[in-house]
Amino acid sequence: ETGVTQSPTHLIKTRGQQVTLRCSSQSGHNTVSWYQQALGQGPQFIFQYYREEENGRGNFPPRFSGLQFPNFSSELNVNALELDDSALYLCASSHPGQGLVGYTFGSGTRLTVV
Amino acid sequence: KQEVTQIPAALSVPEGENLVLNCSFTDSAIYNLQWFRQDPGKGLTSLLLIQSSQREQTSGRLNASLDKSSGRSTLYIAASQPGDSATYLCAVSGIQGAQKLVFGQGTRLTINP
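So the sequences go chain by chain: A and B.
So the first sequence is numbered by the numbering used here: it starts at 1 and just counts up by one.
So the second sequence is numbered by the numbering used here: it starts at 1001 and just counts up by one.
Among the clues, some could well be false.
Said to hold, decoys possible - Pair by pair, the computed Cβ-Cβ distance ranges are:
| id | chain 1 | residue 1 | chain 2 | residue 2 | range |
| --- | --- | --- | --- | --- | --- |
| 1 | B | 1081 | A | 39 | 23 to 33 Å |
| 2 | A | 70 | B | 1042 | 28 to 38 Å |
| 3 | A | 54 | B | 1001 | 13 to 23 Å |
| 4 | A | 65 | B | 1110 | 21 to 31 Å |
| 5 | A | 112 | B | 1113 | 42 to 52 Å |
Please keep in mind that the hints were generated in silico from the structure rather than gathered at the bench.
Ideal Cβ positions, reconstructed from N, Cα and C, are used throughout, including at glycine.
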């Protein structure tokens, strides 16, 4: 069983709306990353948080934003939704020894924008 | 800019065969390489992690190799089973800044009974 939990599992939103996706990481995992996976593609890096600060960002516009909380949970917020935002959103967490054990992924949130 | 390529995009083999999935990356300055399995519509399950200083890792019927100098990794699956059917993704973690994962597009594997 994965130690990373994402909610909700599925979501349907209308173009222009805002959405918040949630992730609960394992205790001690102070690094969390978010990825977007379009159908048939590999996941694309959105951003990473370390100790509640953003410390890396991929090629995504500012309407994609995030938060990380002291209890190892995090959020991904997307404003002004576009049809192309429809994808599987994955959260991944790791602890300080990431280089040794890698990332643990959640089961994802499937977002559909109509 | 790191780019990861996986060949083939899809593979269909009969049950019991041994098979090899390929992954190549353009920048050899990596921290580690990770192989994942993804079932349709699901998240990623980590299979094997190879540190940049290692040559291979094994777990059960799976063996992953890494040749950093040539920018290649292979995932070998022995005695394939229908339950191995899934998409297999490789990802590399860079050594600069945030250790984000750069993924290939995956190989969709079908094992026929």
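These are the hints, each one checked on the structure:
For the pair residue 1081 of chain B and residue 39 of chain A, the supplied restraint of 23 to 33 Å holds, since their beta-carbon distance comes to about 26 Å. A hinted range of 28 to 38 Å for the beta carbons of residue 70 of chain A and residue 1042 of chain B is consistent with their spacing of about 29 Å. With their beta carbons about 20 Å apart, residue 54 of chain A and residue 1001 of chain B fall inside the hinted range of 13 to 23 Å. The hinted range of 21 to 31 Å is not satisfied by residue 65 of chain A and residue 1110 of chain B, whose Cβ atoms lie roughly 39 Å apart.
Between residue 112 of chain A and residue 1113 of chain B the CB atoms are about 33 Å apart, so this pair departs from the stated range of 42 to 52 Å.
Hints 4 and 5 from the earlier list are contradicted by this structure; the remaining hints agree with it.
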